[in-house]
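S.K.: From just these sequences and the hints, can you work out the full model?
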Amino acid sequence: MRYLVSIIVISACLVVFISCHKQSEEGNDVYNFPIRPGTSQWMKFTSLDEKLKACQIPDSILKDISTKGLIETVINYPLLMNYVAYNTPQSGVEAIETQFNGLSELLDREDSSKSLFNFYKETNPSKEELTWYNAGQIAFIEALLSQDVINSRFSDDEIYELILETKNRYENKPQSEKWSANKYTVWLMGKALQKSEYEPFESEVKNNSTLKSFLDKGFYLDKNMAKIIYDYADDFVLKYKK
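If you count by the numbering used here, then the sequence shown holds residues 713 to 954, one letter each, in order.
Quick caveat, the hints were computed from the structure, so don't treat them as lab data. One or more hints might be untrue.
To be verified - With a straight-line cut-off of 30 Å between C-alpha atoms, the simulated DSS-like cross-links for lysine-lysine are:
no., residue 1, residue 2
1, Lys951, Lys833
2, Lys935, Lys833
3, Lys929, Lys895
4, Lys935, Lys918
5, Lys918, Lys951
6, Lys879, Lys763
7, Lys833, Lys775
8, Lys935, Lys895
9, Lys935, Lys907
10, Lys939, Lys918
11, Lys929, Lys939
12, Lys935, Lys885
13, Lys763, Lys895
What the hints assert, rightly or not - Computed spacing ranges between beta-carbons, pair by pair:
no., residue 1, residue 2, range
14, Asp943, Glu873, 18 to 24 Å
15, Thr800, Lys918, 19 to 25 Å
16, Gln753, Ser864, 24 to 30 Å
17, Glu834, Glu883, 16 to 22 Å
18, Glu870, Lys935, 27 to 33 Å
19, Pro746, Asp868, 20 to 26 Å
Where a beta carbon is used, it is the ideal one built from N, C-alpha and C, also for glycine.
M.R.: Okay, structure coming up:
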């Protein structure tokens with residue numbers, strides 16, 4: 713009888729553990745910022761520093777948020793769009809990482825790379841659904857995937873999938889928008905190509921200082937450079953599976 717009771721207790725504990733683990737993986741624990749634009753407290757702030765402090769995630773909560781939940785928390789960060797105010801996409805990401813403990817925690821997590829890529833693949837609204845704000849959120853995810861600390865964790869096949877995903881997104885943009893409205897997509901495409909160590913592209917980067925600068929910082933992109941990166945990506949995709 714004592715043995716049976718022990719089995720029941722252990723089984724119950726396992727059910728609770730699996731249930732909690734599943735809930736964590738599903739990302740049902742997105743942090744809701746209590747003070748944000750539109751609240752009375754926010755309107756009383758007179759400095760950026762006050763806003764930055766109000767948007768930090770309490771340490772008692774931060775470590776327990778699932779990675780998926782943390783990604784959604786980051787893109788809902790009230791001051792996220794400040795990243796576009798910096799001179800380059802790279803400096804924008806670095807600034808947000810310094811200012812917001814949620815992003816620094818996300819970049820430190822070993823499973824953040826796969827989680828970010830999965831989130832990116834699932835987040836591709838149609839042109840009709842796209843707003844300025846969610847376009848900015850998607851661009852920020854692309855900027856995060858462009859970070860060396862993130863893409864260094866990908867396998868060769870995952871890098872291939874990332875190049876294919878960005879290539880498809882680029883192709884599905886209207887011709888007039890491809891290079892001007894897709895800076896972050898092209899940046900991610902180029903960074904993934906770099907990580908693939910595709911020799912023809914490596915040679916191009918070595919001999920093209922403007923391209924190297926763009927890959928380093930995400931600035932400055934013109935029509936010709938976008939075409940160079942896309943053409944190498946297209947060539948890489950055709951040859952990779954052969």
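S.K.: Confirm or reject each hint.
M.R.: Hint by hint, here is what the structure shows:
no. : hint                           : result
1   : Lys951 with Lys833             : 23 Å, holds
2   : Lys935 with Lys833             : 25 Å, holds
3   : Lys929 with Lys895             : 11 Å, holds
4   : Lys935 with Lys918             : 20 Å, holds
5   : Lys918 with Lys951             : 21 Å, holds
6   : Lys879 with Lys763             : 38 Å, violated
7   : Lys833 with Lys775             : 25 Å, holds
8   : Lys935 with Lys895             : 10 Å, holds
9   : Lys935 with Lys907             : 23 Å, holds
10  : Lys939 with Lys918             : 17 Å, holds
11  : Lys929 with Lys939             : 18 Å, holds
12  : Lys935 with Lys885             : 14 Å, holds
13  : Lys763 with Lys895             : 29 Å, holds
14  : Asp943 with Glu873: 18 to 24 Å : 19 Å, holds
15  : Thr800 with Lys918: 19 to 25 Å : 21 Å, holds
16  : Gln753 with Ser864: 24 to 30 Å : 40 Å, violated
17  : Glu834 with Glu883: 16 to 22 Å : 19 Å, holds
18  : Glu870 with Lys935: 27 to 33 Å : 29 Å, holds
19  : Pro746 with Asp868: 20 to 26 Å : 43 Å, violated
Taken one by one, the earlier hints fail for this structure at numbers 6, 16, 19, listed in ascending order.
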